[in-house]
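Undergrad: From first to last, the protein sequence lines stand for chains V and Y.
Be aware that the first sequence starts at 14, since it is given in our numbering, and climbs by one per residue.
Be aware that the second sequence starts at 90, since it is given in our numbering, and climbs by one per residue.
In silico DSS-like pairs for lysine-lysine, Cα to Cα no more than 25 Å straight-line:
id	chain 1	residue 1	chain 2	residue 2
1	Y	K126	V	K98
2	Y	K286	V	K92
3	Y	K286	V	K98
4	Y	K344	V	K300
Rather than coming from a laboratory, the hints here were simulated on the basis of the structure.
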Amino acid sequence: MKRRTFLGLLGAGGAACVLGQSAQAAGTKEFPGYPGSHGVLFDATRCIGCRRCEAGCNQVNGLPAPPQPFDDLSVLDHKRRTNAKTYTVVNRYDNIPGAAGPVFRKNQCQHCLEPACASACFVRAFTKTPQGAVIWDGSVCVGCRYCMIACPFDIPTFEYWEPLTPRIMKCTMCWPQITTGKLKVPGCVAACPVEALVYGKRDDLLKIARGRIQAFPSRYLDHIYGEHEMGGTNWLYISGVPFKDIGLREDLGTTAAPKLTAGALAVVPAIATIWPALLVGIYAINKRRDKVAHEETVQAVARAVAQTQAEAGAKLAKVKADAEADKKSAIEREVKKALEEAAKGQTEEGS
Amino acid sequence: MATDSAAIKKKLLTPFNIVVGIILVVGAILTVVRFTKGLAGVTNLSDNNPWGIWISFDLLCGVALAAGGFTTSAACYVFGLKRYHSAVRPAILTAFLGYSLVVFALHYDVGRPWRLPYPFFVQSGPTSVLFEVGLCVFLYLITLFIEWAPSALEWLGLKKPRNVIVRMTLALTIFGVVLSTMHQSSLGALYLIAPSKLHPLWYSMFLPLFFFVSAIVAGLSMVIFEGTLSHHYLHGKMDKTYLREHDGVTLGFAKGAAMVLVVYFFIKVIGLTMDNNWHYLLTGYGAWFLVELLGFVALPALLYALGVRERNLKLIRWTAVLTVLGIVLNRFNVSLVAFNWQLAPADRYFPSWMEIAISIFIVTVGLLVFRFISTHMPIFYEHPDFREHAPHEGEEEEAPELTEHELKPHPQTFGH
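Just need the whole structure built from these sequences, with the hints factored in.
TA: Pasting the structure below:
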C-alpha cells in the first residue's frame, strides 16, 4: 500500500507526460491483458515428468540436441533451469509434505501481461503481442542483459559463448509458428501425452481451471498461479501442493513490474525542470550577494575616505589657523618690540 | 652505443613501468579472448547472474566515484565557493576519464558493443530505467568533454574556442548537475524492478535517493583522495594557487562530506523503518548490513567531523579512503552480495580472475591517461596566458615547467 500511495503521488501525472501510453502503468489503471489473448494452463496433478514437452519444444524451435536424450529421466535428479539451448524444462519435486509421490512442474516463460523484460529493455526489443506471447527482436538487442535482471521468473537466457552475436533466448509460446500457420498449438502442448497442458484463450483457461478446482476441491489448492502474480501471466498453473514446493515463488506479489520503476521514472521530468530553476536561483542569489557585498565595500570605503578627508581638512584648517595666529602674534610681538625699542631710543637721545 | 641502450633500458625498467606493462599485456590478451570466445571465455556470468563485477565495479562504482566532477563544479560555480576553484579542473578531468572508462568497460560487458548508441538513434525504450541511465551518461560524457576542453585548448594555445567554452561554464555546470542527479539516482533505480531478487535490507523504494546522496559523498571523498595522490606524485605540476587552496579544499570538502554522510545515514535508517525491516538485522545479512551502515557510513561521518574540528588533514585523508571503500562496498552489496540472495550457494556468482584483470586493466588505462593529461596540460596550475587568480603579492608569477617529464614523489601524503 505504501508503494501504491507513492506511485499515486508521483507517478500518474509525470509519467504520463514522458512515457505516453505505457505510462498507464503508473496510474491507478490496471491492464487486464489483451482481450482474447492466448495462454497455456499447466496442471501439476496431471504431469508425469516424461519430458516429451521438452522434446517437442526442442524440435519445433530447431534447438540443438541436448547431451542426454529426452527419454533419459535421470536428468530429473537435479534441478534445472532454462538456458539458451532449452526453452523449457521439467523438474521433479520430491518429499513434498502431503503429496503421495513426486510432483513435476514444467517451467518456461510465463508470458506476463505486463512483462518485466519488456519494461526493462532500453531498445524495446521485447513485444507483448496481442495474441499473448512475449517475443524478442534480435535486430535491436544490445546484449545488456537487464531483461534477465528484471525477470522475476529468471526466464531470459543469453548465449554467453557467442563473441559478437549473442542472442537472448526464451520461450515464444511458439508465436512465430502459430502466426504463420505452421502450428496450431505450441510444440510442448502438442507433445503432452496426458493433457497436463491446455492451450487456449486466457479467459477460457481461467474458467477451465476454476472448473477443475470446483469439481475436485480435495485434489487442488484453491489458487490459480499466474492469475494475479506479477500483475498476471498468460501461462497459468494449478496444483495439489503449495506452489512454493514446486519452485514457483509465492512472494512475488501482484504488482506488475513496470509499476515498480514508474515512480522513479516519473521524478525525471520533475528533476529536469525544477533543478535548473533552483540552481540558477542559487547562482543568482550568490551572485547578488557578492555584488551587494562588493557595493557595500565600495560605499564603506568611499565613506571612510570622505570622513578621513573631512577630518584631515578640518585638522589642516585648524593647523593653518593656528599657524596664522602664531604668525600674527609673532608679527605683532615683533612690531611691538620694534616700537618699544624705537621709543626707548628716542628717550635716550632726548636726555 | 651499448652503454646508451643499457641506460635507456634501466630508465624504462622501473618497477612502475614493469607492473603497468604486465597489466597492459594481460589486458590486451584478455580483450582478444573476450571478443573471440565471448563472455563465457573470460567471465563467470551465467543465466542466473547476468551482471558481474564489470557492472558492479566498472559501472556502478565508476560512475559514483566520478561524481567529484559535478559536486566540485557545482560548489564552485553555482554555490559560489570560489576558493575551491583550483580543485575544479582535476575533478572535471577525473570525472571525464571516469565516465569514458565506464563506457569503455561497457564495450566488454554488453553482447554487441557497436549497438550501444541504438537506444538513442535506432529504437528507444523510455520505460526502461536503463534508458534514462544511458541517455544521461551519454549526454553527461559530452558535457564533461566540453567542460574539460579548455585545458586542452589552452595547451594547444587556441584562445578563441577556449574563451567561448569558458563563457558557457554556468550552463554546462547546471546541465551537469541535472544529468548527474538523474543518472546517479537511476543507477539505484535499476534495481527497483527486482524486489524478488534483492535482499529487503538493500531493496527500498529510496534506492535512487540512496545512490544519489551517496554519490555526493563519493564525489567529495574522491576529490580529497585523488588530491592526496596527485599531491604525492604530481607535486611538481602544481602552482602556488593550487597548493595554497589545497588544504582549504580538503577541509571544506571533509566538512561537506561529514554532513552529507549524516543525511545518508538517516535516510538509510528511514528506509529501514519504512519497510519495517528491523527484524532482518538479526540475520547474517543484517550483520553485514550493519557493518556497511556503521563501519562505512556512521564511522566516516564521525571521523570527518573530528578531522575538520581538529584540522587533522591526515585523519581526513584516511577517512576519504574509508568512505570511498564504503561506497564501493555499498554498490557491491546491492548488485552482487545481496542480489540473488535466495539462490543456492552453488548458483551464486563469484568473479573469475580474468574479469578482475580486465577491471584492473581499465583502471590502469585511466591512470595512465590521467597522468599524461595532468603532466602536459594545465590541470593543477593555471596557464600563464589564461589566469583567473591574480598572483599574490610577493609570489613569483611562474607556472611549473611545461616540458618537465620526470615526476618526483612529494613527501607530504598519508604518512606525514
